[in-house]
Every structure is written in structure tokens, then in C-alpha cells.
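A.B. asks: Take a look at the letters that make up each chain.
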Amino acid sequence: MILALFSNEWRSILRDGRGRLVITLGVLLALVSAWTSASTHASKERAQAAAVEAARCAWEDREVDSAHSRAHFGDYVFRPSGSMSTLDSGLQAVTGRVVFTEAHRQNDAVHKPQQAAASLLRYDRLEPSTVLQILAALVLVLAGFGVISSERESGRLNLLLIQGVSSRQLLLAKTLALWTLGVALCLVVVGANLILVDDVDIGRIAAFLGLHLATLWVVAALVACISARAKRTGTAAALLLSLWVAGAIVIPRLSAMSTATLDPLPGRDAFQAAMQADRQQGIDGHNPMDERRNELERKVLKEYGVSSREELPVSLGGLIMQADEEYGAKVWDKHFGELEGHLLRQDASVGKFSFLNPFQATDRLSMAIAGTGLNSHLEFLRQTEYYRRELVRRLNEEDAFGVARSENGRLLRTTTKEFYLSFDSFEYKPLALGEMLGRRTTDLLALALWIFGASALLILTARQMEARRVS
Amino acid sequence: MITAALSLEFRNLMRSPLRLLTLVLVLSVGYFVIAQGQKDVSRWQESIDKGIEAQSESLEEARSYFAQGVPGPADRPWVDLRQNRYQDYYASVRLARDPAPLAGMAFASAESGAVTMRMYRFADPMLAQGNKIENPALAAAGGLDLVTVLTLLIPLLILALGVEVGGYERSTGLLPLVRVQTGRDRSWIWARCLAVGLIAAAAGLTLAAIAVTAAGAGLSDALPLCALIIAYVAVWTALLAVIALRARNPSHGAVGLGTAWIVLCVLIPSLGVERSAALAAGDFALDLTVEAREEKGLVYEKEQEELYAAVSERFPALIGKEPEPRSAGVNAVREGLRLINLEERMAEREEHSQSHTTLVKWMNLASPTLAFSHALEELAGRGPEVAQAFRQAMVDGLAKRAELSIAANWRMEPLGLKDFEDLVAASPAVFSRPTPDWKSPLLVLGVWLVALVGLANWLSRRESESQTKTS
Numbered sequence: 001m002i003l004a005l006f007s008n009e010w011r012s013i014l015r016d017g018r019g020r021l022v023i024t025l026g027v028l029l030a031l032v033s034a035w036t037s038a039s040t041h042a043s044k045e046r047a048q049a050a051a052v053e054a055a056r057c058a059w060e061d062r063e064v065d066s067a068h069s070r071a072h073f074g075d076y077v078f079r080p081s082g083s084m085s086t087l088d089s090g091l092q093a094v095t096g097r098v099v100f101t102e103a104h105r106q107n108d109a110v111h112k113p114q115q116a117a118a119s120l121l122r123y124d125r126l127e128p129s130t131v132l133q134i135l136a137a138l139v140l141v142l143a144g145f146g147v148i149s150s151e152r153e154s155g156r157l158n159l160l161l162i163q164g165v166s167s168r169q170l171l172l173a174k175t176l177a178l179w180t181l182g183v184a185l186c187l188v189v190v191g192a193n194l195i196l197v198d199d200v201d202i203g204r205i206a207a208f209l210g211l212h213l214a215t216l217w218v219v220a221a222l223v224a225c226i227s228a229r230a231k232r233t234g235t236a237a238a239l240l241l242s243l244w245v246a247g248a249i250v251i252p253r254l255s256a257m258s259t260a261t262l263d264p265l266p267g268r269d270a271f272q273a274a275m276q277a278d279r280q281q282g283i284d285g286h287n288p289m290d291e292r293r294n295e296l297e298r299k300v301l302k303e304y305g306v307s308s309r310e311e312l313p314v315s316l317g318g319l320i321m322q323a324d325e326e327y328g329a330k331v332w333d334k335h336f337g338e339l340e341g342h343l344l345r346q347d348a349s350v351g352k353f354s355f356l357n358p359f360q361a362t363d364r365l366s367m368a369i370a371g372t373g374l375n376s377h378l379e380f381l382r383q384t385e386y387y388r389r390e391l392v393r394r395l396n397e398e399d400a401f402g403v404a405r406s407e408n409g410r411l412l413r414t415t416t417k418e419f420y421l422s423f424d425s426f427e428y429k430p431l432a433l434g435e436m437l438g439r440r441t442t443d444l445l446a447l448a449l450w451i452f453g454a455s456a457l458l459i460l461t462a463r464q465m466e467a468r469r470v471s
Numbered sequence: 001m002i003t004a005a006l007s008l009e010f011r012n013l014m015r016s017p018l019r020l021l022t023l024v025l026v027l028s029v030g031y032f033v034i035a036q037g038q039k040d041v042s043r044w045q046e047s048i049d050k051g052i053e054a055q056s057e058s059l060e061e062a063r064s065y066f067a068q069g070v071p072g073p074a075d076r077p078w079v080d081l082r083q084n085r086y087q088d089y090y091a092s093v094r095l096a097r098d099p100a101p102l103a104g105m106a107f108a109s110a111e112s113g114a115v116t117m118r119m120y121r122f123a124d125p126m127l128a129q130g131n132k133i134e135n136p137a138l139a140a141a142g143g144l145d146l147v148t149v150l151t152l153l154i155p156l157l158i159l160a161l162g163v164e165v166g167g168y169e170r171s172t173g174l175l176p177l178v179r180v181q182t183g184r185d186r187s188w189i190w191a192r193c194l195a196v197g198l199i200a201a202a203a204g205l206t207l208a209a210i211a212v213t214a215a216g217a218g219l220s221d222a223l224p225l226c227a228l229i230i231a232y233v234a235v236w237t238a239l240l241a242v243i244a245l246r247a248r249n250p251s252h253g254a255v256g257l258g259t260a261w262i263v264l265c266v267l268i269p270s271l272g273v274e275r276s277a278a279l280a281a282g283d284f285a286l287d288l289t290v291e292a293r294e295e296k297g298l299v300y301e302k303e304q305e306e307l308y309a310a311v312s313e314r315f316p317a318l319i320g321k322e323p324e325p326r327s328a329g330v331n332a333v334r335e336g337l338r339l340i341n342l343e344e345r346m347a348e349r350e351e352h353s354q355s356h357t358t359l360v361k362w363m364n365l366a367s368p369t370l371a372f373s374h375a376l377e378e379l380a381g382r383g384p385e386v387a388q389a390f391r392q393a394m395v396d397g398l399a400k401r402a403e404l405s406i407a408a409n410w411r412m413e414p415l416g417l418k419d420f421e422d423l424v425a426a427s428p429a430v431f432s433r434p435t436p437d438w439k440s441p442l443l444v445l446g447v448w449l450v451a452l453v454g455l456a457n458w459l460s461r462r463e464s465e466s467q468t469k470t471s
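Chains A and B, in that order, are what the protein sequence lines are.
Mapping of the first sequence onto my numbering: residues 1 to 471, in sequence order.
Mapping of the second sequence onto my numbering: residues 1 to 471, in sequence order.
No wet-lab data here; the hints were simulated from the structure.
Beta carbons are placed, not taken as given, at the ideal position from N, Cα and C, and that holds for glycine.
Certain hints may be false.
Capping the alpha-carbon separation at 30 Å, the derived lysine-lysine pairs in DSS-like fashion look like this [as the list claims (entries may be wrong)]: (1) LYS50/B x LYS330/A; (2) LYS352/A x LYS39/B; (3) LYS417/A x LYS429/A; (4) LYS50/B x LYS418/B; (5) LYS417/A x LYS302/B; (6) LYS302/B x LYS334/A; (7) LYS417/A x LYS296/B.
What follows is a list of derived Cβ distance ranges for each label pair [unchecked claim]: (8) GLU291/B x ASP16/A: 57 to 63 Å; (9) VAL330/B x LEU421/A: 31 to 37 Å; (10) LYS417/A x PRO71/B: 38 to 44 Å.
Bound-form chain B, shown alone (with noise of 0.2 Å):
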């Protein structure tokens, strides 16, 4: 039956310069947004060279100076770097976030944070902005990568392909037909909705092979992405097999499955949205913005004992270092105190996006859209968690050069080379991304395709009954 079905779609698909038309659009808008998508890439990863370039400029230069037995350049003779300051401005090593190899597909995402960030004292990770110029007129339209093809354009294309099946049969008097022909008027409705879940998820699964190979990427990304598109295409299928059980002609289920995909896709994340601007109406970041710079003036003000007790606790190493008189080394202990400030603005920034992440959760729940959209984004490695882990992999070297710094300003001794290289090589290069988590949305999309089958099995049981009632 099903060969018979997909044969008819294919017969239909080929008779319909509309639904043709569909196909193309889709696949020739998918194929345009991959180019676009690897572009971003390109883009992303020259950042990232740009500040590598810059950085090997700076250690270069510095380890010339050293190598001339010179405090620094001549034309800034206040530049010495025997000092700390001075070795750590000229140390200022880039931490960069490498694109995922599957990153051009959410290019659009609204998720702009640093893709490469300068390593030293002064740094704020927490105010880092991205790579891209933004225009706000452009971001605000949402965006139009192939996670949006694929999240928005993908069910509609099954709306355009499917939007016939069960209404026509029942509306021209075809069921009755099919029943006496094969003993089950909802196989073939089953049937057609399948074949027509093939064709998207052919088409679906051709932009993934295309995204795929024009990054380069793996199989352990492959894979994920077209399980995911593959569950995605099962729950509108089995979305269309239950508007496809019960239209009485084409228009019924034509709006039945507009008002699905309506309410999946527009109605349902809008829904998150508010909520998201609810949750984000108190925030003006002063913790970030106008507490932080108090809290860098608190730091001349503390005791002296303090602060040394302060930076004992977050850097236990450094017991038994202090230099006598204890004095000398405060400097460098309000350097310590303000890299703990640091940690703890962090820190209370991961609690407050808890909220967030909350929402983003149970939204995902909400609507197999929402939840399919984030998988990608997961994939992509764009996600705010990513963006997130970016940010702490960033205060941890920074605190880690703090504590180099702290210990090497405490030996009450002009600074060398060494001290220099220890703490270029302190300072982590390379950013791990988190293990993107698209296993949940993936459960959450079996949670949709094993529910929408129920219901569509009982509402077709529940017709045969009545069926059988009125015969």
C-alpha cells in the first residue's frame, strides 16, 4: 500500500506546479541559506585568526624585548615589563571559541556572544560582545537560516503536500471504496501521509547531506542532525495523519493543518517570547554595570589583613608566599580580590539565567518546533550554554593568570622571561564546547510522534466504531 501511496504523491507532486513549486522553494531557499551559513563560518574563524595574529604580535614583540635586554619599547619608557601590569598586557592571549563544525546551520541565531576573547587583568567576560556588527531592523526579522528552514518550512511543505489527504477521499466518495478494495480505509490514509513524511523527510535529509559536506563535518554530527530531522518529519506526519483521519474534504484540512502549524509555530513560541521579556524586563545588569565598578573601588578600601584572608581562601597555593613587609604585595592582592568579585558576579549571572533556561524547557515541551529548533541550535553550537561555558573556560584563566601573577609579584623581584612564558602558557587557548544536549529535544520529539499516533489510531478506532454503529 505504501508503494502505491508514494507513487500517487509522486504523481500528484509532479501534477502540481504548486506543490512543485513548494519543493523547490524549500530546497532552493535551504540550499541558499548553507551558503550563507558557511560564510558566517569563514567570517567567525578569520576572527579568530585576527586575534591570534594580533596575539603572537604582542608575545613576539615582548619576547624581543626580553631578548634585548630591554624594559620595553623606546618610545613608551614608561613600559616595563619587569612589572606584572606590563607582562600581562603584553600576555594577553586569545581564548577562542571555534565554530562546531554543523555552526553556519544557526547562523541566525540570536545569540551573539564573544567568539574570541582578549585574556588579561582588566577583561570583562561577562560584557564581551561578538564578532558581527549587527543590524537591529535585520536581527528583529527572526532570521532565516536552515534552522529556520528546516523548523518552519519543512512542516509547511507537508502542509502543502498533505493538505488533500483524507479530505479528498472522504469529500469525492473515494473511502467507501478504498474500504471494500483493502478492508481498511485508514491504511491508506496512513499510507499517504507516510509517503508524503518520506518525500519531506527526503527533502529535509538533502539539506542535511548538503549542510553536512559543504562543513565538513563528522558523522558524530551528521547522525544527530538527521535523527532529529527524521523525528521532527515523524511528528508532522503523524500530525497530518490525525487532521487526514478526520477532514471531511480538502478545506477542512487544509485549515486543520494550517491552525497546527499555526499554533506549533507561531502561536506556542510567541507564548515564550513574552515570557522571556518578562523575565528579562528587571534586568539592566548592575550587578554587571554600576555595582561592578564600586565593588573595584571597595577593594582600595578594605584592610589590608582582608584582603590578604580573602585571596588565601579562593587561592590556598598561595599560602606561605606572602612577602614581608605584607604590604608590598597588596597590589597584587586587590588584583586577586577583584578576579573573586569577578567569580562571583559569574556566578549570579548563572543563577539569574536558571530562569531562562527554566523557560526554555518547559517551552521545548510546549512545542515540538521549539524543541527541535533548540536541538539545532545545540548542534550548532549556539546556543546560550555554549556562549555561557565560553565565559566561565574565560574566568577560569583569567583567574588562574591572577593567581601566577599574585605568587610571582609576592617574590618581591624584578620579572623575567620565565615568568612571562609561565604565564602565556597558564593561559588556556583553547575553549572545550560542551557537549551539545540534543538528546532531550529528541526524546521530547518521540514524546510528540508516540502521543499524536495514539491519538490518531483512536480517533480512527473511534470512527470505525461509529462505522460500524450506522451500518
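Same shape as in the complex, but just chain A (with noise of 0.2 Å):
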């Protein structure tokens, strides 16, 4: 009975110009969004490995300098894109692209080139992930928002009860027409990143495509939910829209805005000063008047028992450096840590807004399993100061120690280019779709409440509608 009263669903929204119009729309944008997206990613993808490639010929062909030039001289990381940022680019629009890592200083990922579009970053991009979770469920409300409510106006729902069907199974076979013509989206834009991308990820392929399908199941659900309980068909189309723009549009922003306020951030000024206060606290590597320098130096000294610095057989530029470099790294990871517990705090806080709007679960989790979210941003910042550090470490090393006297007592480098060529590339290692998931418990509980709840309120509208008729 369930598969026939589906199948005549289908039929319906077929033979219906409405419907037809709708789902035409849905797979033209589907289509659209997936092209665009992969081939974006594929000039994005290029041009991040031709910058890759222009730091390290610079690295690479730089005359032999001292190591600590080429500290100050330092290395450009670019920021990878990922390749399931084809289906849900994230935050990658809002955080900058580039980070030079030098001495001393630990610097802030820059460059977003579309704020020179800025009026049109207000609005959401395009994308696979925006059409399944926002698009994809305008056209199941489009589609469904009459599913039962025309069918009681037209008299057609009493001939079908009295026909022997029961309202859960016409509840339920109706949801699934709705949830099916989801699941068909969803398939569109997931076999067309297939088709359309080189480097795929099963695993969080397949996560993308399982979550989409959760809430486009809970949107099914709503939708047939509201339509069987409104009176007329003209209010569960109002209901559903304003749901629509509640959970899509406004809800989110909503969150965001009363998030930053309840809780805001330091401005840059404060935060560059107080770690600016915690840094003049430290060793100077480039202040010869620094007593905590001229005490690293007394201590050197003594560890290679000579009574000057011209006796020594390494070069104390380096090991101060290097002081000045683990006191700084010390600094970074108190503000930083601080600033990142911040925004966890902040992101967190945002994220209780999935138990009210499952759209912002799906966004969110999304973001996780494309890697494109707050925690893969800031794992990249992490991986990038490790990578500055080490960087610095090896070449103060090399300043102190890659050195010989020479007979006349002076200080000789002995630093070959062999030495710069060793120094590999800085590489993004994303964190796994495991690790991600965890760190998004909230979203995903969340998630599963809406999951439980929508089916739930299939079974009592069922019920409801059970009561009716027998009344």
C-alpha cells in the first residue's frame, strides 16, 4: 500500500507544472553548483601549487646566506583548499590564504581576495553544500507544502481513508515521495563531484552524502507534518516558508550576531599590545644592552668554560636567537591558546543553535567532514607556527653551530646550500574525518534530536489525524 501510495505521490508531483518546475530547478541548480564548484577548486587547486612553487624557487635558488638572513627572509605557506572543499568551501572565503613565517614573529594567515566583492559576501556561495541545505529544502517545502493539506481542500484525503489506507501509512509514503525527491538531489550532486573531480574521499564522501540525506529527511518529515496539520493549504505554505527563512537566513545570523556580542573578542590592537607587554618580558635577541641576553651569554660561557665571547667555538647570535625564539614561542602559545579557547568558546556557543535550527548542524558538520570548518582553520594555523618553529629552530642551530674558527681566532660559516635544500616544504596534513566528528558532538546529538523528532511527530500527526477521522 505504502509503495503504491508513493509511487502516486511521485506521479502527482510530476503531472503537476508546479512540481515539475520545482524539481527542474532543483537539478539545474544542483548541476550548476557542482560544475562551478570543481571548476573553481581545480583553478584554486593550481594556482596554490604554482605559489607553492614560486616560494621554493625562491627558497631554493637564494644565494648561501647566514641562517639567520634567511630566517628574516623566511617562507610564504599557502593555504590549501582540500579536496571536498568542491562540495562545502566552509569558512575559506573569510580567512586569509597566505602566512609568512619568519623570525621572531609568528604573523596572521592574509589576503581575501573576494573582499574586493565584500557587498556580496553577505549573501551564501553557490555551492553543492548550499543547494542541499538550503535549496534542497525550499524545493521540498515548494514541493510538499500540499502534500496532505490539498488533498483534505480537494476531499480526495476521506476517499483515500475510507479507501482502507491508514493515515500513518499515507503519512508516511508521502514523506518518503518528498524525502526521495531529496535523496535524488543529493545523489545529483554528489555523483556529479564524482564525475567532476580527480581527487575524491570515499569516506567523507560518503559522511557528506549520509548527513544531507539525514536532514533532507527531517525536512521531509516537517513538511508533510505541517501540511497534515494545517487547516488550509495557503497557511502550511506560509508556515513553511517563514521556517524556511527562520532556519536558513535568519537563525544563523541571528546566532552569530548575539554570540560576538554576549561574548566578544579583543580587538587586534589589545591583543597585539598585550602580547607585545608579555614579549619585552623576554630575551632580545637583537638588543645587545639585554641583561637577560648578556645572562644567557654569561651562562654560555661558562658551559664551554672560555671567558669570551671570541673564544667560543660557536656562534652565541644563534643559541640567543634561538632563546629569544622558545621565549616567543612561549608568548604565542599563551595569547594565542587563549584567543583560540575564545573562539572554540564563541563557535561553541553557536553551535547550542543546533538544537533549534537543524540547518546550522548540517552547515556545521558539513564544514567537519570537508575539513573546511573553525577547528580544520585553526589546525591549520597550528600546523603552520609548528612548521615556522621548526624552521627557525634548524636555522638558529645552524647559526650557532655551523660554524669554525679560523686560525686567526675569526668565525667562519660553514653553512653549504646542501644545508637549504633539506628544509621540505610546509605540508597540510588535514585532520581525520574521525578526530573532526568528535570535536562536533554537540552538532550531532543535536542532529540526531531532530532526526528522532521529526519521526516522532510523523507517528503523532499519524495519530492526530487517526483521532480525526474516527471522530
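Hey, can you piece these two chains together into the complex? The hints should help.
C.D. replies: Spelled out as C-alpha cells, the structure:
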């Protein structure tokens, strides 16, 4: 019976001009988004590889200079977008793409080229995740707001119930018909992605698909329930469209703004001033008058059993610079750690809205699966900083120990080109899927509750319909 | 007729809790974001004040050394204010980008350029960051400020208030009655639409009045804001009329209005964002990073005559002031060449951002929502054009300083207080914002309005003709 009702519902959607239009538009958007996203991703990957290559050439082609000069010359890290960004680019439009790694300083990720079209960035990108999270839900709303109410208004509902169809069967069949419409859109998007993108991660794609299928089940169930409970088709349409607007547009913005208001981040000036103040408490590698520097000098002289710098078999400068770096790293860990905690706290506050809005739970989980969310961005910054520290540490060590005393006592550098060629370029290692999802338990729980709640609502609505019929 | 329609809409508003709630929500969210916007402006101003405070401290410190007749601080004996580079360091004037009077209304703008920049020889205006540390997870939500409220929520208010206009009259058979009583049924529908538009305009203008009062803005800002709001509401009112004249019943009207809102406020903007992502895909700022660093190095490899020729071409006022021997002034010339390179990079960037500017212009034509949000961001002084002009002002300021600095260096004498004060005086401290371009978007809104009114009239005339034929 359910199958008959299900196929009947599909036929009715396809017979209706509005249904055909909505489905055609949905499929078209799904295909266009998959295609444009894949093509943008391919250009980005090429440009990122070219940028990495250019930085590498600059590093390798440079003449053999002192290790400390090289530490100031530094290296550029260009953020990779990741293969899953074709499905969900997440926060990449609003985070910087380039980090300059150098001695003494931890620089921010800079350069957000889309800012040149800033007034557009108020809106979502037409990418597969937007199509599945926002537009597919809308397709279900537009195709399904009259799924039961119009049957009631036309009197067909009574006819069906008299013929022996139970309310539960009817509701389930209608929900399944709507859901399969969503499933079709998901398959179009994911299928197109598999065809258009070379580098695919099947595990993540399966998770992405599963997530969106689950969300669309929630949407389909809610659409069917509201349509069944509404007295008029117009009321169902108005209510469902209002809910869609609230969930897709208003609540995400409201949650972001209220979080930023209740728990504001420090200003850049204040943050940098605090870091600078702490930095000044430590050793200053470039100030020969610095007392802490002189103290370290005395310690090193004692360690080597000599009385002056000129007698040292190593370059004191390199040791001082490394001490300076280590202190700077502690300061960075303290301040960036606090900032990171603050960012994650804000993120967790926004995450609570997932219980109110399934679209937010889906959006956050989708970014986690794609590796383009906040945790991935922070992980990228963390790995970049570790890369910087390791780079500077090796250079400082070379500066300190890559020397030899000449016969007249002068310190000569023994650094070779091979030493510089032995450095590897930065390579970002994305967090594993399990780890990413492990950091999104609130959203997983919220989505599970939404699935359970929507399914329970289906049962309750069916009971209510049954009770109405009996009375 | 308009009075009757207006009183009907007011009664409808008072009787319907959902409509009243929508109006209250729009007004209260609007009020809340205005307050947040003002806080943001205060933080912006605070950031500038701190910069100026730091600048004053630096200037006073330098002046005190001149007054004491010492070259610099006792704990940093290598600092010598008679030298060019230390004068440059201490005379690092801040160029401030004061907030526009209505800056608060677009505080969630994605454009996060610097609000103050320190003017010194190593300054890089192209990579300078804004005063806010942003949580990308919140920024990606799209932001909620007065611009969002006016662009997205005011049309929704029109949708909520006018959802039944036309459709209700048709479905209940009231339309023939209206036709008999008034002679023209479409006048009644137009009158109802206008009444809805008036209520929405009143809501929008109330928010505008609060924003203007809170910001203490003058008429020159308030009038364009009001004109834009009225034009935008008029466009949506005309759209309401188009749909109301065709709606067979309230449900039909709801779907029509909902679809129009989604197409204009979600779908078309998302296409624009997708295109901007495609334009930005290949931009990893190599010109500002790796290539800029290479250029700095190349300055040291150029022949002396080549250096002098380039600097003379850029600063003709310096011709004839070259020192003898010329090699003595070569370091200052290198500074000049660095500035020339910076100017070239700036010009290239400007050209590069043209594609985004063109995109935004085209997208403004495609959706009144985009035209309106762009106009409001312009009025708020938050657009990328202002950020670009600020960067340009900074480069111009650096050029003036470079010219002065080279001339002072070529005199081959130790520098004094006068040189220092000249350097400070030559540094522009005030940035003049370019005049906001709100007229072109207003024109776009005007074109939309005329087109929609024309369409509505054509539709109603066609319907009248078909009714005449039927009768």
C-alpha cells in the first residue's frame, strides 16, 4: 500500500506544472553548483601549487646566506583548499590564504581576495552544500506544502481513508516521496562531484551524503507533518516558508551576532599590545644591552669554559636567537591559546543553536566533514606555527653551530647550499574524519534529536489524523 | 481608496498575531543591530585613538631627544635620530580612516580593511589588517546588521503583510463586488499593496531615523538613506502588486512572493558569490608576497645609474640635488625604488580588483537586493572602494615621505629637528573618504520600479481584456 501511495505521490508531483518546475530548477542548480564549484576548485588548486612552487624556487635559488638572514627571509605558506572544498568551501572565503613564516614573529593568515566583492559576501555561495542544505530544503517545501492539506481541501483525503488507507501509511508514503526527491538531488550533486573531481575521498563523501540525506529526512517529515496539521494549504505554505527563512537565513545570522555580542573577542590592537608586553619581558635577541641576553651569554661562556665570546667554538648569536624564539613561542602559545579558546567558546555557543535549527547542525557537520570549518582553520594555523618554529629552530642551530674558527680566531660560516635544500616545504595534514566529527558531538546530538523528533512527530501527526477521522 | 486600504491593512495587522509579531521582530532586531553598530563604531574610533596616542608618544620621545641634544635613548645607543631611518621610525605618523557617520549600519560587512596604518618605510598597506579579530565561524554566517535587516527583513515584512492581497479577493469572490462598487478592481489591489508598502516604509524609515539619531549623522547622510529605503520598499511593493494581480488564492500568492524573495535575495546573490569565488580562485597574492620579497632583493643588484634614473623619473623635484659622490646617496635611492615598486604593485592590484568591481556592478543590475545592500555599504563607508582608497592614500603619503627623506639624505649632513618636523608635516594624517556612490544603485532601483509597475499594469490590462471577452 505504501509503495502504491508513494508512486502515486511521485506521479502527482510530476504531473503538476509547479512540481516539474521546482524539480527541474533543483536539478539544474545542483548540476550548475557542482560544475562551477569543481572548476573553481581546479583553478584554485593549480594556483596554490604554482604559489608553493614559486616560494620553493625563491628559497632554493637564494644564494647561500647566513642562517639568521634566511630566517628573516622566511617562507610563505599557502593554504590548500582540500578536495572536499568542492562540496563545501566552508570558511575559506573569510579566512586569509597566505601566512608569512619568519623569525621572531608569528604572522596572521592574510589576503582574502573575495573582499574585493565584499557586498556579495553577505550571501551564501552557490555551491553543492548550499544547494543541499538550503535550496533542496526549499524544493521539498515548495513541492510538498500541499502534500496532505490539498488532499484534505479537495476531499481526496477522506476518499483515501475510506478506502482503507491508514493515516500512518499515508503520511509515511508522502514523506518518503518528498524525501526521495531530496535523495535524488543529493545523488545528482554527489554524482556530479565524483565525475568532475579527480581527487576524491570516498569516506568523507559518504559521510557528506549521509548527513544531507538525514537532514532532508527531517525536512521531508516536517513538511508532511505541517501540511497534515494545517487547516489550509495557504497556511501550510506560509508557515513552511517562514520556517525555511528563519532556519536558513535569520537564525544563523542572529546566533552569530548574539554570540559576538555576549562574548566579544578582543580588538586586534589590544591583543597585539598584550602580546607585545609579554614579549618584552623576555630576551631580546637584537638588543646587545638586554640584561637577559647578557645573562645567557655568561651562562654559555661558563658552559664552554671560556671567558669571552671570541673564544667560543659556536656563534653566540644563534643561541641567543633561539632563546628569543623559545620565549616568543611561549608568549604565542599563551596568547594564541587564549584566543583559540575564545574562538572555540564562541563556536560552541553558536553550536547550541543546532538544537533549535537543524540547518545549522548540518552546516557545521558538513564543514567538519569537508575539513573547511573552524577546527580545520585553527589546525592549519597551528601546523603553520609548528612549521615556522621548526624552520627557525634549525636555522638558529645552524647559525650557532654551523661555524668554525679560523686560524686568526675569526668565526667562519660553514653553511652550505645543501643545508638549505634539505628543508621541506610546508605540507598541511588535515585532521582525520573521526577526529573532526569527534569535535562536533553537540551538532551530532542535535541532528540525532532532530531526526528522532521529526520521526516522532510523524507518528503523532498520524495518530492525530486517525483520531480526527474517527471523531 | 488608499485610506480605506490603509485602515484595512492596519486592522489586519492588529488582528493577526503573526503579522504583528513579524513587525515587532523586524523593529526589535533592527534596534538591536543599530545599538551593536554603534558599539562597533566606538571600537573603531578607540582603535584610531590608540594609534594616535602611540604616535604622539613616539613624536614626543623624539622631540625630547632633540631638546636634550642626545641622538637617542640611552639604553639603545645605536639609535641615532640624525640618521634617516631612525627619523622615519620615530616620525611614524598614523593615517586614520575615520568611520563614516553611518558606519555602524554595515558593521557586519565582509570588508575588514585597516582603519589605521602606521606610516613608515616598511609599511605594506596591501597586507595591513583591520582592527577587529574576527571569528571566521561567525563571519561566514553572513552577518546581521542594519543593512541585512533592511535588505532581507523589510521585503519579508512586505511578504508577511501582503501575502493575501489579491489572492484573498479572488478566492472569496470579493473581486467582482469590488469591481461593481468601484468600477476598477485593480485599483483596490494597488491600494492594498500601497498600504502594505507604506507600513513597511514606515518601519524602514523608523529604523533609519533611529540609526541616524544614534550616529548623530547629518542630512547629507540621512536623506540618501531615506531615499534608498523608500525606493527599495517601492520596488518590493510593485513586486507585491505584480503577484497580487495574478494570485488565484492566498496560497498561490504566498508561493509567488516567497519564490520572488528567494530568487532576488538568495539565488541571484549566491550566483554572484560563486562567480566572485571563481574570480578569486587563482589569487594567492604572489605579487604581494614572494614577488615583492624578490623585488626587495633585486633593488640591491641594480646598477647605481639605473637606480638614480628610476628615482629621478618618479621624483623629478629631486633632479639636480644628487649628492657627490653619487654612491653616498645610493641607500636612500634604494628606498625610493622600493616605494616605486610598491606603487606598481598597488596599480596592478587596482587593475586586478576591476574584475570584482565589474561583477558587483552587473550583479547590482540583476537584483534590487544587491543594488540596495551595495548602496548602503557605500553610504556606510565600508565598501572595498573605500578600503582601496585608504591604501592608495597611504601609498601616496609614503611617497611624499620618501621624497623628503631622499632629499634630506642627499644633503649629506646629519639630520636635525627641522628634518624630523618636515617629515611629520609631510605625512598626511587625515584620509578623505571618496564620495559614496549611492546614486547608481538608486537609479537601478528606479529602473526596477518602473519595469515592475509597467509589468503590473500590463498584467492587469490583459486580465481586464480577458474578463471583458468572457463577459
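A.B. asks: Does each hint fit the structure? Answer for all of them.
C.D. replies: Going down the list of hints, with the structure as the test:
Annotation: proposed proximity of LYS50/B to LYS330/A holds, straight-line Cα distance about 26 Å (limit 30 Å). A C-alpha spacing of about 25 Å is found between LYS352/A and LYS39/B, which places the hinted pair at or below 30 Å, so the restraint holds. Annotation: proposed proximity of LYS417/A to LYS429/A holds, straight-line Cα distance about 28 Å (limit 30 Å). Taken as a hint, the LYS50/B and LYS418/B pair is honoured in the structure, with Cα atoms around 26 Å apart against an allowance of 30 Å.
Taking the CA atoms of LYS417/A and LYS302/B, the gap is about 24 Å. The hint holds against a cut of 30 Å. Between the alpha carbons of LYS302/B and LYS334/A the distance comes to roughly 44 Å, so the proposed pair goes past 30 Å and is violated. Straight-line distance between C-alpha atoms of LYS417/A and LYS296/B comes to about 22 Å, which keeps the hinted pair within the 30 Å bound. A hinted range of 57 to 63 Å for the beta carbons of GLU291/B and ASP16/A is consistent with their spacing of about 58 Å.
A hinted range of 31 to 37 Å holds for the C-beta pair VAL330/B and LEU421/A, which are about 33 Å apart. Distance hint check for LYS417/A and PRO71/B: the Cβ-Cβ separation is about 41 Å, which falls inside the suggested range of 38 to 44 Å.
Of the hints listed earlier, the one the structure fails to meet is number 6.
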